[in-house]
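Visitor: Okay, here's what each chain looks like letter by letter:
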Amino acid sequence: MSTRRWSLVLLAAVHLALAAAGYLAPYDPAEQHRAWPNVPPVRPHLFDASGTFAGPFVYGLTPLGNWGGYKEDPAKRYPIHFLTQGRLWAAGPDAPAFLLGTDELGRDQLSRLLHGGRISLAAGLLAAALSILCGISLGMLAGYREGLAQTLILRGAELSLALPWLYFLLGVRATLPLALQPESTFLLLSAAIGCIGWARPAVLACAATRVARHRDWVRVAQSFGASRMHILRRHILPELLPIALAQAVILIPRYVLAEVTLSYLGLGIHDPGVSWGTMLAAARQLPVLVSEWWLALPCAAVAIVFQVYQFAARAWEDRAFGYTEGNAGRPDRSVAVGGHTSAAPHSPTMGEG
Amino acid sequence: MPLAAILPLLLTAQPWEKGKHGGRLIVAQKAESKTLNPVLAIDAPSREAIRLLHADLISINRHTLRTEPALAESWTVSADGRQYRLKLRRGVHFSDGHPFDADDVVFTFQVYTDPKTAAPQRDLLQIAGKPVSARKVDTHTVVLELAGPYAAAERIFDGIAMLPRHLLEADYKAGRIAQVWNLATAPEKIAGLGPFRFAQYKPGEAIVLERNSHYWKKDDSGAPLPYLDEIQLRPLGAEDAQVLRFTSGGVDVLNRISARSMDALGKETAARQDIHLEDLGGGLESNFLFFNLNPATATHRAIFQNADFRRAVSAAIDREAIVRLVFGGKATPLWTHVTPANAHWVNRSLPRPAKSLDTARALMRKAGLTTNAQGRLCTANGKPLEFTILAASSSQERPQMATLVAGDLRELGIGVQVVTLELRALVDRVLNTKDYDACVLGIGGGDADPNPEMNVWLSSGSMHLWHPAQDKPATPWEAELDSLMREQMVTLDAAKRKRLFDRVQQIEWEQAPVIALASPNILVAARRRLGNFRPAILDPYTLWNAERLYWRSPK
Numbered sequence: 001m002s003t004r005r006w007s008l009v010l011l012a013a014v015h016l017a018l019a020a021a022g023y024l025a026p027y028d029p030a031e032q033h034r035a036w037p038n039v040p041p042v043r044p045h046l047f048d049a050s051g052t053f054a055g056p057f058v059y060g061l062t063p064l065g066n067w068g069g070y071k072e073d074p075a076k077r078y079p080i081h082f083l084t085q086g087r088l089w090a091a092g093p094d095a096p097a098f099l100l101g102t103d104e105l106g107r108d109q110l111s112r113l114l115h116g117g118r119i120s121l122a123a124g125l126l127a128a129a130l131s132i133l134c135g136i137s138l139g140m141l142a143g144y145r146e147g148l149a150q151t152l153i154l155r156g157a158e159l160s161l162a163l164p165w166l167y168f169l170l171g172v173r174a175t176l177p178l179a180l181q182p183e184s185t186f187l188l189l190s191a192a193i194g195c196i197g198w199a200r201p202a203v204l205a206c207a208a209t210r211v212a213r214h215r216d217w218v219r220v221a222q223s224f225g226a227s228r229m230h231i232l233r234r235h236i237l238p239e240l241l242p243i244a245l246a247q248a249v250i251l252i253p254r255y256v257l258a259e260v261t262l263s264y265l266g267l268g269i270h271d272p273g274v275s276w277g278t279m280l281a282a283a284r285q286l287p288v289l290v291s292e293w294w295l296a297l298p299c300a301a302v303a304i305v306f307q308v309y310q311f312a313a314r315a316w317e318d319r320a321f322g323y324t325e326g327n328a329g330r331p332d333r334s335v336a337v338g339g340h341t342s343a344a345p346h347s348p349t350m351g352e353g
Numbered sequence: 001m002p003l004a005a006i007l008p009l010l011l012t013a014q015p016w017e018k019g020k021h022g023g024r025l026i027v028a029q030k031a032e033s034k035t036l037n038p039v040l041a042i043d044a045p046s047r048e049a050i051r052l053l054h055a056d057l058i059s060i061n062r063h064t065l066r067t068e069p070a071l072a073e074s075w076t077v078s079a080d081g082r083q084y085r086l087k088l089r090r091g092v093h094f095s096d097g098h099p100f101d102a103d104d105v106v107f108t109f110q111v112y113t114d115p116k117t118a119a120p121q122r123d124l125l126q127i128a129g130k131p132v133s134a135r136k137v138d139t140h141t142v143v144l145e146l147a148g149p150y151a152a153a154e155r156i157f158d159g160i161a162m163l164p165r166h167l168l169e170a171d172y173k174a175g176r177i178a179q180v181w182n183l184a185t186a187p188e189k190i191a192g193l194g195p196f197r198f199a200q201y202k203p204g205e206a207i208v209l210e211r212n213s214h215y216w217k218k219d220d221s222g223a224p225l226p227y228l229d230e231i232q233l234r235p236l237g238a239e240d241a242q243v244l245r246f247t248s249g250g251v252d253v254l255n256r257i258s259a260r261s262m263d264a265l266g267k268e269t270a271a272r273q274d275i276h277l278e279d280l281g282g283g284l285e286s287n288f289l290f291f292n293l294n295p296a297t298a299t300h301r302a303i304f305q306n307a308d309f310r311r312a313v314s315a316a317i318d319r320e321a322i323v324r325l326v327f328g329g330k331a332t333p334l335w336t337h338v339t340p341a342n343a344h345w346v347n348r349s350l351p352r353p354a355k356s357l358d359t360a361r362a363l364m365r366k367a368g369l370t371t372n373a374q375g376r377l378c379t380a381n382g383k384p385l386e387f388t389i390l391a392a393s394s395s396q397e398r399p400q401m402a403t404l405v406a407g408d409l410r411e412l413g414i415g416v417q418v419v420t421l422e423l424r425a426l427v428d429r430v431l432n433t434k435d436y437d438a439c440v441l442g443i444g445g446g447d448a449d450p451n452p453e454m455n456v457w458l459s460s461g462s463m464h465l466w467h468p469a470q471d472k473p474a475t476p477w478e479a480e481l482d483s484l485m486r487e488q489m490v491t492l493d494a495a496k497r498k499r500l501f502d503r504v505q506q507i508e509w510e511q512a513p514v515i516a517l518a519s520p521n522i523l524v525a526a527r528r529r530l531g532n533f534r535p536a537i538l539d540p541y542t543l544w545n546a547e548r549l550y551w552r553s554p555k
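The listed protein sequences correspond, in order, to chains A and B.
If you're matching positions, the first sequence starts at 1 in the numbering used here and goes up one per residue.
If you're matching positions, the second sequence starts at 1 in the numbering used here and goes up one per residue.
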């Protein structure tokens, strides 16, 4: 399978897993198992101590004092059941089936990672959609109209690019009400993050529009009396779609990181809601990080998201510039950009010999 | 008799070790001191440094929690409690060699009580609306006049540093006293009566204090104190950094650490013999939840005014879980804000029930709340009850406590969100804008006596957290609290004061304006070879006897 396909598969897998958090997570993310604080990742077993197959199960745990860790209790076994209680798998209310451990209040890390990832990723997607929508629209306007509109939009973009995004976010967050419903917090947070990233798509869209408006078919359309809206929609916008997609794969992971940062600082999602940022806030203390390393797993999750999008961005770049497998660095003669090719006939396309 | 009451007496019954002179002690601080001027200092690092440089007339012994002579070797109190006649020690000199006498005491009180100076001590020295005044009788006798009787008035003199008139009078008269004695001041221009004197300031690195050769205290064999040549105060920032430096040998004393750090230190140093960790048990600090009882706020807060609702919340809280999960067992559950470590003042007759959802549900029904089909508790207008709890983001423990409380209340069917805020923003919301639903905060640790808490319990007090600065008491129980606190403040009979303060705690239990949660243990760490290391549950926990600390063996 080509790299591009792999990247799409991985991208889809990550998104599907997080979207299906409610089904994949064995516990409610806010549920506090107070008998099991700071449990390290629990290993499921298939065979019991005598080597007999006993199905998937986990052993009970015996605590070794406050913050002293746990040891498995072979006398207690809790079978894992699949497709039960509306979830993919579960092990019963008393079972310590914490595959990625628990935090200081006994909350299952796997469930929180899945539910929190859903929030963090959704915030990134929504914010990126907002940024790109605003950026492309303004960029198209600036590139087509020129004059004062272009000056204002481009200068505004430069100012926005010069602002340190974190402080800007903190300032925007400070103006919002402190305590909102989780849904409102999520939407406002996404909007706040989306507001900061419109500039780069706008600048790129402006440049592409200025090129596109001089294309032959645009002039022909103008000479036939096509309206401005028609030209923008039918002839300019298709040229900007690759920019939008390219910006999306760049901005989404950054906005995921922005949401994680805000929530880590206590300015994003609040308990009982969960995001990767709120999970990482629990690992702030060095002794906690050293002894309960599993609390830092959201870092790995963020890294995976970044890497998956990086693969996708690379694959997209290869396609956009006509690089093929084993042909890196040498442009292909078919340049598929914006749906309008200036390729010669019979040009080889990606993946073919 | 509880251990908390016996232990301090046992400790003070132990004689001090005869120490050896020499050596340097390095102490970690969270932040750098901002000033060395007692008239200005309000931050904890500055006050810590100033305590080592200066002395007071009467001190509170950190182990017995009782007052004892310091620069005043004895005193008598008039029958009406309004006049204190103090005999000053003779032969005492400031660190620059200048003799100390009654003129310095009179000058000190004049500076602290002057409204133009705006010293933080001014509020402490106001009795019955008037400042304490000092009058010289002779070179070693002063009379302190109070405008009204004040119970245990001598306790307010603890930590009031005596100022050198010969160095500061000119600046005071010129209106410049707030500008002097900063960290850039030449050491020879600062003089005090404490065990150490200011030697050097290394910006961002350390404040160096050296032995005061004129210090008035001697050990039991007549040898001069302090034993140590030098103390360095190093600003190391967050607790993690302090602990790292301590384990690597860069710091000798950790003044107070969290249970988490204590646990980590214990594991790391289990094989090491050079480190001594001490759990002093419960302190005087209390953490609690309180609701916004200010009138005319959002309508969803009306239910907070109902005492049955507040008692129901208290009944639903699992305090044992807070002690176990947040503090690793190194804390004491509380049902009123007075901790068991405050053995003299705690009201032991009050009940301490465990978590009971049945009791909580019954009280919620009594408060007029009903349960809907989804199991949610609803107010009289049928809307599900939801509110937020604020907690300071700078504390690791308070957001955790708030989250546990939120989990307990969700079992009752109440929707609770926990919102963390920077401490100053949180205090601003509570005391100024009053735009909040509930909050988890902590107070205490300053003194065992109830008088410093007047500002919290009086309805007119600016720290009357749930409804501050009232023109007149909003409820009959707050009116009773006002009356009780004012009466105990001026009652000289100790037994009667105790009864009055017991009643204050009973009202607190019945009305639940604050819902006490837990009191963390006092946890400290030091090098094992540090002699006379006897930390206490009252701040400063480890350096209160800095003049007696010494190194049993060199590094």
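Wrong hints could be hidden among the right ones.
[What the hints assert, rightly or not] Covered stretches of chain A, as calculated for chain B (at least 3 residues, CB under 8 Å):
1. 30-41
2. 101-115
3. 129-136
4. 283-294
[As the list claims (entries may be wrong)] Examples of chain B residues lying across from chain A (beta carbon under 7 Å, computed):
5. Ser74
6. Thr76
7. Gly237
8. Asp240
9. Ser261
10. Ala264
11. Thr403
12. Val418
13. Val419
14. Arg424
15. Ala425
16. Val427
[What the hints assert, rightly or not] With a straight-line Cα cutoff of 30 Å, these simulated DSS-like cross-link-like pairs (lysine-lysine) come out:
17. B:Lys173 - A:Lys76
18. B:Lys34 - B:Lys18
19. B:Lys116 - B:Lys173
20. A:Lys71 - B:Lys267
21. A:Lys71 - B:Lys355
22. B:Lys217 - B:Lys267
For the record, the hints were derived by calculation from the structure and aren't laboratory data.
Just so you know, even glycine gets a beta-carbon here, dropped at the ideal spot from N, CA and C.
Visitor: Honestly, which of those hints from before does the structure not fit?
Guide: 3, 5, 6, 7, 14, 15, 16, 17, 18 and 22
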